Each structure stands twice: as C-alpha cells, then as structure tokens.
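S.K.: Input sequences plus hints: build the corresponding full structure.
When we follow UniProt numbering, the leftmost residue of the sequence shown carries the number 1, and every step to the right adds one.
Quick caveat, the hints were computed from the structure, so don't treat them as lab data. Please note that a few of the clues may not be correct.
Unchecked claim - Computed cross-link-like contacts, DMTMM-like style, restricted to lysine to aspartate or glutamate with a CA-CA straight-line distance of at most 25 Å:
#1 K76 / D124
#2 K139 / E152
#3 K139 / E43
#4 K164 / E146
#5 K130 / D72
#6 K64 / E152
#7 K114 / E152
#8 K69 / E136
#9 K115 / E94
Unchecked claim - Simulated restraints on C-beta separations:
#10 K139 / A29: 15 to 25 Å
#11 D110 / S87: 18 to 28 Å
#12 K98 / L16: 35 to 45 Å
#13 R161 / G48: 35 to 45 Å
Computed from a predicted structure; not experimentally measured. Ideal Cβ positions, reconstructed from N, Cα and C, are used throughout, including at glycine.
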Amino acid sequence: MAPNEYARNLETKQGLNIETAANSPVMSAALTHFVFSSLSDAERWSGGKYAWNFHFEGKADVPKHIKNKIPDLAAKMSTVQVGIYASNWKGGMERPQKQEDGSFVVQIPDVAEKKLPWFFVQPDTGVYVKALLENEPGKHVLAFSEMTTWREFWELWSSMRGVKVQVQVVSVESFSSPCQRFSGGISRSH
Numbered sequence: 001m002a003p004n005e006y007a008r009n010l011e012t013k014q015g016l017n018i019e020t021a022a023n024s025p026v027m028s029a030a031l032t033h034f035v036f037s038s039l040s041d042a043e044r045w046s047g048g049k050y051a052w053n054f055h056f057e058g059k060a061d062v063p064k065h066i067k068n069k070i071p072d073l074a075a076k077m078s079t080v081q082v083g084i085y086a087s088n089w090k091g092g093m094e095r096p097q098k099q100e101d102g103s104f105v106v107q108i109p110d111v112a113e114k115k116l117p118w119f120f121v122q123p124d125t126g127v128y129v130k131a132l133l134e135n136e137p138g139k140h141v142l143a144f145s146e147m148t149t150w151r152e153f154w155e156l157w158s159s160m161r162g163v164k165v166q167v168q169v170v171s172v173e174s175f176s177s178p179c180q181r182f183s184g185g186i187s188r189s190h
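M.R.: Written out as structure tokens, the structure is:
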C-alpha cells in the first residue's frame, strides 16, 4: 500500500472513531457543538486534477459521511481546516539536512514564490475553535497563522537558529517523493 493510501485509510478510520464516540448515546445527549478538523476534498475541488492527495481525502470523507448518515450530529457540527503545520519540518519531508560544515540544505517545491497558509498549532488552534464555539453550529473556517512562501519560511528558520541554510528548488513531483529527495551526495545526518 502506498503511503498516501495508508494516510487516507488512517485519517478516515480515526475520523470515524471520533464520529462514533461523538454520536454515542451518552455523548450525544450532552453534546451541543461538535468541532471537527477537516481538510478540503482536493480531487473534487480540482476537477480530478489532484487525485493522489489521499490524506486530504480521508479528512474530507468524515464530514461528508456525518452529513449523509448522521443528521443529528451534522446539525451540531462545525469544521476547521488548517494550513500547513509550521512544525512539520521537524520530521516530515521538509526536514533540513545538516552538512559537515554545520550548515543545512533544504529542498522546496517549485511553486514559484506562491504564498501559502502556514499554521502554528499550539498558539492558534484554540483561537479558531473558540470562534467556532462562540457561534451556532454549521460554521466552517479556514485557519492560518501567516501567509508566506516556502523560501521565506526557511529564511526565518535559518535566522532564528543562527545557522546558514541553502535552499534547493526541486520539481513538485520530486518534492512529493521522499525516495527521490536529497540525492547527489547530500548528507542524511540529523
């Protein structure tokens, strides 16, 4: 099974477990507002162009399932969709590779200088959830902390840590494939 397929299955399973718990008789009786963290249905919104973003699809499947199968829970539901977790660099594909001289190399996708919605989980999640809870159910927010480019993110990371970072721009396909990343003799030490 491909990693994206595994991610979709895991996201869907976790979401359905949350749905089951929220819809249990004890919880349902006391629940007045159900906030679910979802993502957009990338395949649908791109007209089929992005059919491989299974992580997003798995998170998008749960609210659709709730709306279609559990109308009582759907009536209490609001959703929050967050941007790119700024903390993903710590263990994800974006992890900078330390070089022998103490500097770092990081690869970014070739998406020009497009600003992206970065999200800082610890300080900002509660702000958006609180806003949802202060309103009637049925609201949906797109949450982000700051709009910035990949390059600006890594320049900030570099300056905050007082280290030098070399940014390498690679194709989106290469960036999305961990097996193809950091070839050409770049150190894999952490």
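S.K.: Look at each hint and say if it fits the structure.
M.R.: We went through each hint and held it up to the structure:
1. K76 / D124: holds (23 Å)
2. K139 / E152: Violated, at about 32 Å.
3. K139 / E43: Holds, because 23 Å separates the two Cα atoms, which is no more than 25 Å.
4. K164 / E146: holds (23 Å)
5. K130 / D72: holds (22 Å)
6. K64 / E152: violated (35 Å)
7. K114 / E152: OK: K114 and E152 at ~10 Å, within 25 Å.
8. K69 / E136: holds (21 Å)
9. K115 / E94: holds (17 Å)
10. K139 / A29: 15 to 25 Å: Taking Cβ atoms as reference, K139 and A29 lie about 23 Å apart, which means the hint holds.
11. D110 / S87: 18 to 28 Å: holds (23 Å)
12. K98 / L16: 35 to 45 Å: Holds, since K98 and L16 (Cβ atoms, about 40 Å apart) stay within the stated range.
13. R161 / G48: 35 to 45 Å: Holds: the Cβ-Cβ distance is about 41 Å, inside 35 to 45 Å.
Consistency with the previously given hints fails for numbers 2, 6, ordered from lowest to highest.
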